[in-house]
Structures are given as C-alpha cells and as structure tokens.
Amino acid sequence: MRRPGVAVIAVLLVGLLVLGASCAQRQQAEKKPTVETRTLVALFPLTGVLSTFGENAKVTATLATKDVNEWLEREGKPWRLDLKIEDTATDPPTALQKMKTWFGTGVKFFIGPYASGECKECLTFANANKILFVASSSTSPALSIPNDSLFRFCPDDLVQSPAVARTAWEAGVRHLIISWRGDTWGDGLQKGISEAFPKLGGKVYPKGIRYDPGLEDFPKEAALLNDYVNDLVRQGVPKSQIGIVLIAFEEVAPYMAAAAKYPVLKEVPWFGTDGTAHSAALQKHSVAGPFAAKARFVSTMFAPGAAEKSRFDYVKDHVQSVLNRETDAYSYNVYDMVWCLALCMDEVGYDSEKAMAILPRVTDQWTKVNGASGHVVLNEAGDRAFADYELWYLSESGEWEKIGIWRGQTDTVDWIKKIY
Amino acid sequence: MAPWLASGLVYASALALTAGGITLLYITTRTFNFAHASMATWGFYVAYTGTVLYGGSPYRYFPLSFLFGSLLGVVCYVGLNRPLLRRRAAEITLMMSTLGYDLVLLSGIQIYCDYLTHTFRLFPRRVTMSSYDAEIFGMSASPLILPLTAILILTVFHLFLAKTKFGISMRATIENPLLAGVSGMNSDKVYLAAWVVGGGMASLGGAFMSMAMTGTPVMGMMTLPFMFAGAILGGLYSLYGGILGGFLVGLAEYGAVYYLAMLGGPWVLGYRMAIPLLIMAIVLLVFPSGLAGLPWGSLPRKLAGAMRGVKS
Numbered sequence: 001m002r003r004p005g006v007a008v009i010a011v012l013l014v015g016l017l018v019l020g021a022s023c024a025q026r027q028q029a030e031k032k033p034t035v036e037t038r039t040l041v042a043l044f045p046l047t048g049v050l051s052t053f054g055e056n057a058k059v060t061a062t063l064a065t066k067d068v069n070e071w072l073e074r075e076g077k078p079w080r081l082d083l084k085i086e087d088t089a090t091d092p093p094t095a096l097q098k099m100k101t102w103f104g105t106g107v108k109f110f111i112g113p114y115a116s117g118e119c120k121e122c123l124t125f126a127n128a129n130k131i132l133f134v135a136s137s138s139t140s141p142a143l144s145i146p147n148d149s150l151f152r153f154c155p156d157d158l159v160q161s162p163a164v165a166r167t168a169w170e171a172g173v174r175h176l177i178i179s180w181r182g183d184t185w186g187d188g189l190q191k192g193i194s195e196a197f198p199k200l201g202g203k204v205y206p207k208g209i210r211y212d213p214g215l216e217d218f219p220k221e222a223a224l225l226n227d228y229v230n231d232l233v234r235q236g237v238p239k240s241q242i243g244i245v246l247i248a249f250e251e252v253a254p255y256m257a258a259a260a261k262y263p264v265l266k267e268v269p270w271f272g273t274d275g276t277a278h279s280a281a282l283q284k285h286s287v288a289g290p291f292a293a294k295a296r297f298v299s300t301m302f303a304p305g306a307a308e309k310s311r312f313d314y315v316k317d318h319v320q321s322v323l324n325r326e327t328d329a330y331s332y333n334v335y336d337m338v339w340c341l342a343l344c345m346d347e348v349g350y351d352s353e354k355a356m357a358i359l360p361r362v363t364d365q366w367t368k369v370n371g372a373s374g375h376v377v378l379n380e381a382g383d384r385a386f387a388d389y390e391l392w393y394l395s396e397s398g399e400w401e402k403i404g405i406w407r408g409q410t411d412t413v414d415w416i417k418k419i420y
Numbered sequence: 421m422a423p424w425l426a427s428g429l430v431y432a433s434a435l436a437l438t439a440g441g442i443t444l445l446y447i448t449t450r451t452f453n454f455a456h457a458s459m460a461t462w463g464f465y466v467a468y469t470g471t472v473l474y475g476g477s478p479y480r481y482f483p484l485s486f487l488f489g490s491l492l493g494v495v496c497y498v499g500l501n502r503p504l505l506r507r508r509a510a511e512i513t514l515m516m517s518t519l520g521y522d523l524v525l526l527s528g529i530q531i532y533c534d535y536l537t538h539t540f541r542l543f544p545r546r547v548t549m550s551s552y553d554a555e556i557f558g559m560s561a562s563p564l565i566l567p568l569t570a571i572l573i574l575t576v577f578h579l580f581l582a583k584t585k586f587g588i589s590m591r592a593t594i595e596n597p598l599l600a601g602v603s604g605m606n607s608d609k610v611y612l613a614a615w616v617v618g619g620g621m622a623s624l625g626g627a628f629m630s631m632a633m634t635g636t637p638v639m640g641m642m643t644l645p646f647m648f649a650g651a652i653l654g655g656l657y658s659l660y661g662g663i664l665g666g667f668l669v670g671l672a673e674y675g676a677v678y679y680l681a682m683l684g685g686p687w688v689l690g691y692r693m694a695i696p697l698l699i700m701a702i703v704l705l706v707f708p709s710g711l712a713g714l715p716w717g718s719l720p721r722k723l724a725g726a727m728r729g730v731k732s
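If you read the sequences in order, they're chains A and B. For the first sequence, my numbering gives the first residue as 1, with consecutive numbering after it. For the second sequence, my numbering gives the first residue as 421, with consecutive numbering after it.
Next comes chain A alone, as it looks inside the complex (with noise of 0.2 Å):
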C-alpha cells in the first residue's frame, strides 16, 4: 500500500533544504560584493616548432596573471583576471579554430598567436569581429597594417633583415647561402637579406633552400648545402668568405645535426635570427649545440629599450626556477602584454574596440617604468618601434652570450666580443 505521508515529508525537506540554501546564497552575496571575471585567452605553441618558447610563454602569462589579480585585489577593483592558455600546435588553422571557438563564448581579448603564419590566418576573422589580439612574436612585414585588430610587442622584420645582413658582411662573408622555412615570417625574412646583402657588395648564391615548416628532418636539405658550399669552393671563393643563413625556430636542432654529419658545414659561419637566439633545443641538443658553437653561429634578437624599474630580472629568475632554463626574449613580451591589456580592461573596461584606442598610451605608460621586455613604443601599425638587435652566440661552453649589438640608425655593429 503506498503512503502518501512520507512523499509530503520529502518534498517538504527537500523545499526547506532549497530555501535555506538560497536564503544563505543571499546572505554571503551581500557580505560579499561581486567581483566579475575578465578573460583573456593566450594562444601559444605549446607543440610544435615553437614550443619552447610556448612553454616560456605560459610560465611568463601565468606569472603576469598572478601578479595582476594581486594588484587588482590590493587596489580593491570589483574584477579579476582570469587567464585561459590553449595549444596552437604552431598551427595557423589551429590558431584561428581556437580564436573562433572563445570569440563564440564572449572572450574578445586575446595574447597570441606566436608566429606570423598563425596571426595572419586570425587576422580577418578578428579584424571582421573586432577582436584585440596581440602577439610577442609575430615580426613579418606583411602584417604591418595600420588601424588592425593586431598588435604586436616585437618590431618586424624589415628592421631585422638588414642586422643580418651587415652582421654577415662584418664577419668578413661574402657569399650567401639562404635556407629558410616557407611560411609568412621565413619568406619575408629571406626576401629582405637577399636584397640587403647585395647592397653591401654580397652575393647571394641563386640556390636558396625554402623547405616545409612542418619539417622535422633535414637530411637532404643538408646534403644540398654541403653541395652549395662544395660548389662555392669550387669557383675558388674561399670558406671564409662563404656563410649560411639558417631562418628557423626550433627546427634549427636537427637541422644542424644532419648538417653536422658534413666536415665543410663546419668550416663556414652561420647566421641566425629571433626565431633562433635563445633556443633551448638548440643549447640542450648534443649535436646541434657543439655544431652551432663550432660553425659560429650568431643569431640576432631585437634590443629593447630600458625601462625605469624593468622586471627583466623578476621574470628571467621566475622562468629560471620553474622550467631550470633562460626564458627567450619573447616570453619578456608576453609578461607585458598580459599587464598592459589587463590595465586596458580595467581603464575602459571589457571593450576591445576602446582597449585598441588605448592600447599604445597604456603600453608606453606602463613598459616605461615596468616593463620586463624594457621600453615598448607602438608604431602607427601597432608594432614595436626599436631598432636596434643584440646579436647572441652559442658557445662552446654551451650558454647563450651577447656579443655585440647592431645600430638601427647608422647601420653598424658594435661588437662586445669578437669571434671571427
């Protein structure tokens, strides 16, 4: 027989269980006033052939993160930053699947991608959706567009092309041999040696190595440069006077451990860029790193300004400690970046469209006393505007050291130590 009793005694505590509930639910929110979340989505390479320095990045985001909310809690602001990190594999669908995916839930401010390929791939759709992203990497000349949704905290690469050139030229080269990665940065990075150097007096040998970015495996590309060289000598040009561009990220390691397997590759310098300066996978690897240090290789780094009190040390030190390795100099960036966006939301609020308005006062603002990375003035296309890059050496002891800097303005190298 059923017993209608007990059903009106459940129903009655489960009532009194739901009013009690929502009685202290009020209560608690008003001791408490409401503090709102902002979120801020970094897109960073956490695979692929950035991932060191996507590794560097998140540590540096997160730390930036924390050290926000702790200076929006101490001011008592009603807000909190709260930081999403998605893997873009070094990807360029990837990336904007992802932009898409967090543009569908509200986010409107995002840090990343790294690489140009990636930032190119999300600038119409975010350009279309009024999206401020902004990238601590991304340096190809093709993205240097007034009035975009993208800006970026590193300069690009019409500033960097000419640095190698006269870097090459000062190390008594006179023959170049190019092998770069065929995406956006590489081909515009390849197209500005090839015509600066020849304005020096150098030649650019005709054969130039352009290979899949997605590439992990690089003997044949070796055995090609090893033949390029061979031929070089040949003409009777002497090593000395012969040099390798290698335009890179990461897959500068086993590049340069199959070009390791070739005596000559050792006999001549090599010259790298930002995408390679600092690469952990290239000091950490057993044969690529004492390769580099043989052969030379001297990679340039934009230089950036000094600021007032920078945390250059407090992020470098940070990185140090969590991931037992010298963080890259975008990572300085992206520490920037998360502070001078999230001092944008707090200023105009969560509002894209004002924080782009804003953004390059805030930036300059704030990087001129604070900033990890030193300095950062925006250009008219939202880019970093120094001009100056460090040229950083791999050595034989396996660390990465300064040795020289080359001037913007006069186009020369001021060398710190000599290697050639």
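I should point out that these hints are in silico values taken from the structure, not numbers from a laboratory. Fair warning: there could be bad hints in the mix.
Partial chain A-side listing against chain B, Cβ under 8 Å, derived [stated by the list, open to error]:
no.: 1; residue: Gly182
no.: 2; residue: Lys284
no.: 3; residue: Val287
Cβ-Cβ distance ranges computed for the label pairs, FRET-style [said to hold, decoys possible]:
no.: 4; chain 1: B; residue 1: Ala510; chain 2: A; residue 2: Glu195; range: 23 to 29 Å
no.: 5; chain 1: A; residue 1: Gln97; chain 2: B; residue 2: Arg506; range: 33 to 39 Å
no.: 6; chain 1: B; residue 1: Pro645; chain 2: A; residue 2: Gly104; range: 51 to 57 Å
no.: 7; chain 1: A; residue 1: Asn324; chain 2: B; residue 2: Tyr657; range: 51 to 57 Å
no.: 8; chain 1: A; residue 1: Pro146; chain 2: B; residue 2: Trp687; range: 31 to 37 Å
no.: 9; chain 1: A; residue 1: Pro146; chain 2: B; residue 2: Phe707; range: 44 to 50 Å
no.: 10; chain 1: B; residue 1: Phe707; chain 2: A; residue 2: Asn324; range: 51 to 57 Å
no.: 11; chain 1: A; residue 1: Gly104; chain 2: B; residue 2: Gly520; range: 35 to 41 Å
no.: 12; chain 1: B; residue 1: Leu473; chain 2: A; residue 2: Val233; range: 42 to 48 Å
no.: 13; chain 1: A; residue 1: Gln320; chain 2: B; residue 2: Ala554; range: 32 to 38 Å
Positions of the beta carbon are idealized from the N, C-alpha and C atoms, including for glycine.
Given the structure of chain A, go ahead and fit chain B onto it with the hints provided.
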C-alpha cells in the same frame, strides 16, 4: 656511406616494419589502423626514456618498445576492435574507432612529455636519438644494424607463419575465416595475435624511425601517410608486399627527392611528400594489385626477354 643514404636506409627499415604491421592488421581484422601513428611514437618514447634515464645504447630498449606496442595493440583489440567485429561493424567504423584510439594515445604522449619535462627536466619534444647511436667501422651503427634487424624480424615472422602450427592456422584464418572457424580454429586468438604482432611492429618501427629523424610527439602522425602508402603499394593483401612497399616508399622519400633536388633545384624539396606518393600511384596504375601482384617468379625471365628484344 652518404649521410642522407644512411638516414634513408634506417627510415626505410622503419617504414617496412610499420607498413607490414598495417597490412597484417588489415588482412586479419579488416581494420585500417590509424592508431599506428601514436603506437609508433610510443615506441620511440619507450626507447628514449630507457636511454636517457637508465643509460646505455637505445638498441637495448627496442625489445621493450616492441612489448609496449604489443600491449597497446591488445588494449585496442580487446577494448575496441573485438566488440566492433562481433557486431559486424563496417570497415569505416573499424577505421574510425582506431582514429579515436590514436587521439587518446596522442594525448597520453603529450602528458608523458610534460611529465618528463617537469619531473626530469628533459627536453622530450625534439629528440635526436641518433646522437646516442653506437659506432661500427667508424660510422653510425644504425644504417647497418637496423635494416639487418628488420630483415631478421621479418624472417622470423615468415618462419612462424610457415612452420608453426599456430602460424599455419593464422594463415588459414586470414585466407578464409569462415572455413577456418568450421575447422575448429579459434579466430579470436588469431586476431589477438595479429594485434600483438602488429602493435609491436608499429612501436618497434617508431623506435627505428627515431634513429633517422627527429623524435617528436607527432612523429608517427607525420609519417602515417607513408606507412599507409607502403602498405597500399604492397597490394594491401600481402604481408610481404606491405613490407617491401614500406621499404621502397622510405627509400624514395630520401633518395628520389634528393636526386631530383640536385638535378632540378631545391624547389623539389617542397614536394617531398608528393614524390613517394606519386611513385605509389604510378606503380598502382601499372600493377593494380601493387607489388604483390608483380609476377615475381617469371619477372627475371621476362626482363631478360625484354632486354634481348631491345638488343635485337
């Protein structure tokens, strides 16, 4: 030996093993195993972990790679393939189920890489295993050892199929499962054995592969098209054809691309992936049954006849 040829031989041996594994699984269980990609990558990570954490030559850990791949194969068969086969699932369903399994394995690889990075401060996402290689006669051992090992493994496998009772029942089940079942052969055991061997070959192939190319979490995924190309070139229904197909595709990717780039210019490198696939397509156009369809017995006689015809 030219460095590119040395790498090419190692890579071709790796593809022979993996393509053989794909063919074996297809002819036994009608399953195109997409999880071969991550099984191969796991094989590399087993060898890498052993080498960097416990020392010694990578070759010491290759048997472990094989065993781990077998384990992954058993999990795939028991957890996915067998239930689907019992429900008479279509080939496409069987194939897609292995794709899902591959994604799970790939996630596991990424987690494992994070573990190695943060616990042991290693650099597991870009590894050159050849730097741990031994030397024989003043050159790297892998271009000599690995092709020979691949041949040895395949010979043992051939003897197993031809001379042992289980091997013969395996062949019978492959050729006619219905008749084999009526004759009292346990097809479930045969399928399980196929996954043990196929999974093991995939992982061992991955360990081999890492001696020729950079080991990354997506190494298997990047080379999967070539593994399939090898299996298809071999004719899909012949285990030995698959193995030979894998070897030829591997050599074509290194040798043909290098020579074409030398002759035609470095732009050819951009078509690195297309060239072996093009060779596969041409072979299939001429011999629709693949390498297994070639008249191997009468081939020397026919070639000699053709040569005589050319001379006269």
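Results of checking the hints against the structure:
no.: 1; hint: Gly182; in the structure: holds, 7 Å
no.: 2; hint: Lys284; in the structure: holds, 5 Å
no.: 3; hint: Val287; in the structure: holds, 5 Å
no.: 4; hint: B:Ala510 x A:Glu195: 23 to 29 Å; in the structure: violated, 57 Å
no.: 5; hint: A:Gln97 x B:Arg506: 33 to 39 Å; in the structure: holds, 37 Å
no.: 6; hint: B:Pro645 x A:Gly104: 51 to 57 Å; in the structure: violated, 32 Å
no.: 7; hint: A:Asn324 x B:Tyr657: 51 to 57 Å; in the structure: holds, 52 Å
no.: 8; hint: A:Pro146 x B:Trp687: 31 to 37 Å; in the structure: holds, 35 Å
no.: 9; hint: A:Pro146 x B:Phe707: 44 to 50 Å; in the structure: violated, 59 Å
no.: 10; hint: B:Phe707 x A:Asn324: 51 to 57 Å; in the structure: holds, 55 Å
no.: 11; hint: A:Gly104 x B:Gly520: 35 to 41 Å; in the structure: violated, 24 Å
no.: 12; hint: B:Leu473 x A:Val233: 42 to 48 Å; in the structure: holds, 44 Å
no.: 13; hint: A:Gln320 x B:Ala554: 32 to 38 Å; in the structure: holds, 35 Å
Of the numbered hints listed earlier, those contradicted by the structure are 4, 6, 9 and 11.
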